[in-house]
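Chemist: We have chain C; now place chain H onto it with these hints.
Same order as they appear, the protein sequences are chains C and H. The opening position of the first sequence corresponds to residue 1 in this note's numbering, with each subsequent residue numbered one higher. The opening position of the second sequence corresponds to residue 1 in this note's numbering, with each subsequent residue numbered one higher.
Since the hints were derived computationally from the structure, they do not count as laboratory data. Just so you know, not all the hints are guaranteed correct.
Among chain C residues calculated to face chain H with C-beta under 8 Å, some are [unchecked claim]:
#: 1; residue: Gly79
#: 2; residue: Gly132
#: 3; residue: Tyr134
#: 4; residue: Ala136
#: 5; residue: Val145
#: 6; residue: Leu148
#: 7; residue: Ala151
#: 8; residue: Ile261
#: 9; residue: Gly300
#: 10; residue: Ser301
Listed next, the in silico SDA-like pairs over lysine to any residue satisfying Cα-Cα at most 25 Å (straight line) [as the list claims (entries may be wrong)]:
#: 11; chain 1: H; residue 1: Lys188; chain 2: H; residue 2: Gly89
#: 12; chain 1: C; residue 1: Lys125; chain 2: H; residue 2: Pro285
#: 13; chain 1: C; residue 1: Lys228; chain 2: H; residue 2: Leu274
#: 14; chain 1: C; residue 1: Lys228; chain 2: C; residue 2: Leu203
#: 15; chain 1: C; residue 1: Lys100; chain 2: C; residue 2: Gly159
#: 16; chain 1: C; residue 1: Lys125; chain 2: H; residue 2: Leu283
#: 17; chain 1: H; residue 1: Lys188; chain 2: C; residue 2: Arg319
#: 18; chain 1: C; residue 1: Lys228; chain 2: H; residue 2: Gly89
#: 19; chain 1: C; residue 1: Lys100; chain 2: H; residue 2: Gly262
#: 20; chain 1: C; residue 1: Lys100; chain 2: C; residue 2: Leu251
Fair warning: this is a prediction, and the values are worked out from it, not measured in the lab. Beta carbons are placed, not taken as given, at the ideal position from N, Cα and C, and that holds for glycine.
Residues per chain, in single letters:
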Amino acid sequence: MSTMAAESVHSAPPAPGFAVVRATRTSRIALTLLAALTALLASLPWWAEASTMRTASEFLYYLALAQMWNLLAGYGGLGSFGQQAFVGLGGYALVVFSLKFGLDPFFSVLLGGLVCGVIAMPVSKLLFRLHGAYFAVGTWVAAEVFRLLVANMSWLGGGSGVSITTVMQRIDDWWRDAATLWIAIALGIGSLLAVFLLLRSRLGLGLTAVRDSEAAAESIGISVPRLKFWVYVIAAAGFGLAGALIFLTKLRISPDSAFAINWTITVVFIVVIGGLGTIEGPLIGTALYFLLRDTLSDYGSWYLIVFGALAIAVMLLMRQGIWGFVRQRFGLELFPVQRRLRLEATAERRP
Amino acid sequence: MITLLDTLVQGLLLGGLYTLTALGLSLAFGVMRLVNVAHGDFMVLGAYFALVIMQTLGLHPLLSLLIVLPGMAVAGYLAQRFVLDRTLGRDILPPLLVTFGFSIIVQSALLEVFSADSRRLDAGDLVTASFNVFGDFYVGWFPLLITVLAVAMVAAMQWLFARTRIGRAFRAVSDDQEIAQLMGIDHKHVFALALAVASACVGLAGVLFGMSTTFDPAIGPAHLIYAFEAVIIGGMGSFWGTFVGGVLLGTMQAIGFRVDPGWGVLFGHAAFLLVLLFRPSGLFPRTRDQ
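Isolated chain C (complex conformation):
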C-alpha cells in the first residue's frame, strides 16, 4: 500500500523506513460507504415515502444525541444524566424563534443549538463544582430546574405546552419533509464526522490524555477544566440542535415531553451497548435500539426492560460495549483516531 493516505504527525519528515499512519483500507472503505449512504439518504425526498423519511430522521437525531453523549462521557469524562435539559431548551428555542418571533423554523433550529451552547456556559460553572456521581445527578437537577421554569411561563404555554403547527402549515409539504430530513442528515452524519475530526485534532489529543489520566494530562500542560468546558458546551449545542429538530417533527412541545429524562436514558443505553468511547459504538447502539423497538413494538414498555437489561449485561460482561469488543478482538476501526507506526516493507533496513 502506498503512503499517500498516510499522514505525518510531525512537521519534520518521518524517519526512513517508518510511517505514522491513521487511515487504513477499512477506514477508507468505511468513509466511502458513509458518503454513499449520506447521498442515498439525501435523495430520499425524491423517491421515498414520508414514513421512511420520518424513520430516517428519527434515526439520525438519535445518532446525533448518542454521538454527543459519547463525546461527553466517553471522551470528556463527563457522565451527565441531565442532557434532556438541552433537548428541552433547544425545542423551546424553536418555539420562541419560529412562533413568537416569526423567524424561519429551519433557521430557528440552528439558533436553538446556539442558544443551548451559550446557556451551557454559565450552567457548567455551577455543575463543574460537582464530580463523578454528584455531577451526574446534579445535571439532572439542573434539567428539572429548566423544566419547572418553563412550566411556570404562561407565555410558553405553561405546563400544557404549545403547538407550532401554524408555523409549519405555511410551508410546502414536500419542502418541509425534505428540509427536515436534510437537517437530520447534517446533524446525524455531521455529529459523527465532527467527533471524528475533533478527536484527530489537538483538542482530541488532549481529551485522550485526560481520559487516560487527568493528573498526567495536567502535568504536561493540558488545561483540563478548559477542555471539559468546551466539550460540555459543544455537547450542549449538539443536544440543542437535535432537540429543536425533534420538536420540529413532533409539532407539539410540553415541558414534560421536552425535558423528559427518557431522552438521556435512551441515549445512555445506546452508547453503553454500542461501545462507550468509540465513534462506531453510537452507530451500532442506535441501530440496535431501533431494531429492538420495532421488534417489541407490540409489547408496551418491554423494549425498555430488554434494552436496560442489555445495558447492564454489557456493563458487567464486556464493559467496552459491542464495538469495543470488536475492536479489541479484530483490531477493526472504521473511523480511526489513533496513530499507528508502520514499518515500510520497501524501505531499507537500517543496521
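Modeler: Coordinates of chain H only, in the frame set by chain C:
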C-alpha cells in the same frame, strides 16, 4: 402568623419523609461510594410490595412492613453481591449506569404489572387524624409520626455506625477497603449488608409515603432527586446532616408552594443550588471523596 407557622411545620414534616428516603442513599454512598440511581424506584417498589401484601393477605400497611422490610433487604443484598459489586472500582460510570438500568427496569416492570394508575395504601383514619395545637393550628398525627420515625432512624443509624460490630465494619471499609480486608473483613459481604440496610430503609420510606399520598410507577426519579438533594445539602456521610438537609428541602418546598403552587419544587432545587454555590461539600461533610 398561623400561616407562617403552618408552612414551617409542613416543611418539617415533609422533611421527615425526605430524610427517611435519603438515609439509604447516604448510607450506600458513605460506605461504598455508590450512588444508587434506582433509589427512588426502590422506594416505589417498596410501596407496591406493600400493596400486593395488603391485597393478598389483607394486612394493615404498617403490618405489611414485617414482610416488606426483610424482602427489600434481601433484594438489596443480592443486587449488591451479584451485580453492583462487579461494577465498583476507580471508574465511577459503571455503577451509575447499572443502577440507571435498574431504575428503568423497575419502572417499566411496575408499569407493565400495575399500569400507570395512581395507587394508595389505605390506612384508614390514621392518615387523616390530626390534633389541635392552639386556635386554628392543626397538626396531622401521621406526618408527625413519620418525622418522629425519621429522627429515630437517624439516631438508630448513628448508633449502628458508632456502637455495633457491623457499623465498625462499615466505617472500616469506608475509610480504607484494602486495610479492612487485611484485618479480615469480607468487604463484599459488608457492602452487600450496607445495601440491604439501605434498601430496607427506603422500603420503609416507600410504605409510609404510599400511606400518606398517591403513587404511580413513574414517581421514583423525582424522589431520588429529593433524597439526593437532602444528602448533598447535609453533607455526605453525616446522617444528622441528611436530616437537616431533608428538613431544609421540605421547608423550602413548603414555602414555595405557599407562594405559588407551581414553585414549590423549584424553591427546593434553588436551595440545593445555593448550597452548591457556597458550600459545594454540603453543610456538615463527614466522608471525604477519595
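Chemist: Next step is simple, just say for each hint if it's right about the structure.
Modeler: Tested hints:
1. Gly79: 5 Å, holds
2. Gly132: Interface hint status for Gly132/C: holds (4 Å vs cutoff 8 Å).
3. Tyr134: The hint holds - Tyr134/C has a Cβ within 8 Å of chain H, the shortest such distance being about 7 Å.
4. Ala136: 6 Å, holds
5. Val145: Holds - the Cβ of Val145/C comes within 8 Å of chain H, reaching about 5 Å at its closest.
6. Leu148: At about 4 Å, which falls below the 8 Å cut-off, the nearest Cβ of chain H leaves the hint on Leu148/C intact, so it holds.
7. Ala151: Ala151/C check passes; min Cβ-Cβ to chain H is 7 Å, inside 8 Å.
8. Ile261: 6 Å, holds
9. Gly300: At about 6 Å, which falls below the 8 Å cut-off, the nearest Cβ of chain H leaves the hint on Gly300/C intact, so it holds.
10. Ser301: 4 Å, holds
11. Lys188/H x Gly89/H: Between Lys188/H and Gly89/H the Cα gap is close to 13 Å, so the pair holds against 25 Å.
12. Lys125/C x Pro285/H: With Cα atoms ~22 Å apart, Lys125/C and Pro285/H stay inside 25 Å; holds.
13. Lys228/C x Leu274/H: This hinted pair holds, its Cα atoms lying about 23 Å apart.
14. Lys228/C x Leu203/C: Measuring from Cα to Cα gives roughly 10 Å; hence the hint holds.
15. Lys100/C x Gly159/C: At roughly 18 Å apart (the allowed maximum being 25 Å), Gly159/C and Lys100/C satisfy the hint.
16. Lys125/C x Leu283/H: 20 Å, holds
17. Lys188/H x Arg319/C: Distance ~21 Å between Lys188/H and Arg319/C Cα, so the pair holds.
18. Lys228/C x Gly89/H: Holds. Lys228/C to Gly89/H sits at ~23 Å (cutoff 25 Å).
19. Lys100/C x Gly262/H: Distance of about 24 Å is within 25 Å: holds.
20. Lys100/C x Leu251/C: This hinted pair holds, its Cα atoms lying about 15 Å apart.
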